[in-house]
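J.: Chain by chain, the residues run as shown.
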Amino acid sequence: DAEITQSPRHKITETGRQVTLACHQTWNHNNMFWYRQDLGHGLRLIHYSYGVQDTNKGEVSDGYSVSRSNTEDLPLTLESAASSQTSVYFCASSGPGTGVEETQYFGPGTRLLVL
Amino acid sequence: AQSVTQLDSQVPVFEEAPVELRCNYSSSVSVYLFWYVQYPNQGLQLLLKYLSGSTLVKGINGFEAEFNKSQTSFHLRKPSVHISDTAEYFCAVSEGNAGNMLTFGGGTRLMVKP
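Those protein sequences? They're chains A and B, same order as listed. Letter 8 of the first sequence, counting from 1, is numbered 8 in our numbering, and no numbers are missing. Letter 1 of the second sequence, counting from 1, is numbered 1 in our numbering, and no numbers are missing.
If you're looking for bench data, these hints aren't it; they were derived computationally from the structure. Cβ atoms here follow ideal geometry from the backbone N, Cα and C, with glycine treated the same way. Any given hint could turn out to be false.
[Claimed, not checked] Computed spacing ranges between beta-carbons, pair by pair:
1) B/N41 to A/G40: 16 to 24 Å
2) A/Q53 to B/H82: 45 to 53 Å
3) B/Q45 to A/G16: 30 to 38 Å
4) B/N68 to A/S80: 44 to 52 Å
[Said to hold, decoys possible] Some chain A residues close to chain B (C-beta under 8 Å, calculated; not the full set):
5) H41
6) S49
7) V52
8) Q53
9) G99
10) V100
Please model the entire structure based on the sequences and the hints provided.
T.: What follows is the structure, encoded as structure tokens:
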């Protein structure tokens, strides 16, 4: 069965370190998204991609970057981790089109703690 | 810009009772509306969505929602809840020109008690 996976599921890091969170989907979806989930804020969009070599900033992109070199993967990099980036991170994918009718499918999440 | 407000952060309810989770949105253009559910330690799953047509939308697990344009609301209802419905519920909106992008509300934690 097709799926979307995230790794690691839990990560503890120190302030100032670079961290990369992996997201891999086997749906062959063109669209991929990264969200962060914080209490009271719901999910907020960090970055998104509508295809290989395409990346776009979301609502809370400062301090994060992504790259899309193939259809299956969209890694999220925290360039210099800050305590404010302690959160639960979700990856999602959808496709094949970019229209509103495409359902987003979510991964299980990565819980990141920045000390 | 669009925004979504979920009026209740927590809703406690007894098993087999009806429940309504409230969602209001603000947008200056046409919108599409979604409800997602998040069970403990899992990702989000789509419950139902309104794209067009009938304003009463039926979803999985016995849930339904009604789109009310005049009140800018999309409340989620279930006539009789089960313990297994305990979860976080998120309302989301996509504007007509935003493609597949979603804006989420803050979430409502439904707690079903025996």
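J.: Now tell me, hint by hint, if it's right for this structure.
T.: Outcome of the hint check:
no. : hint                       : in the structure
1   : B/N41 to A/G40: 16 to 24 Å : holds, 19 Å
2   : A/Q53 to B/H82: 45 to 53 Å : holds, 46 Å
3   : B/Q45 to A/G16: 30 to 38 Å : holds, 36 Å
4   : B/N68 to A/S80: 44 to 52 Å : holds, 46 Å
5   : H41                        : holds, 6 Å
6   : S49                        : violated, 11 Å
7   : V52                        : violated, 16 Å
8   : Q53                        : violated, 18 Å
9   : G99                        : holds, 6 Å
10  : V100                       : holds, 5 Å
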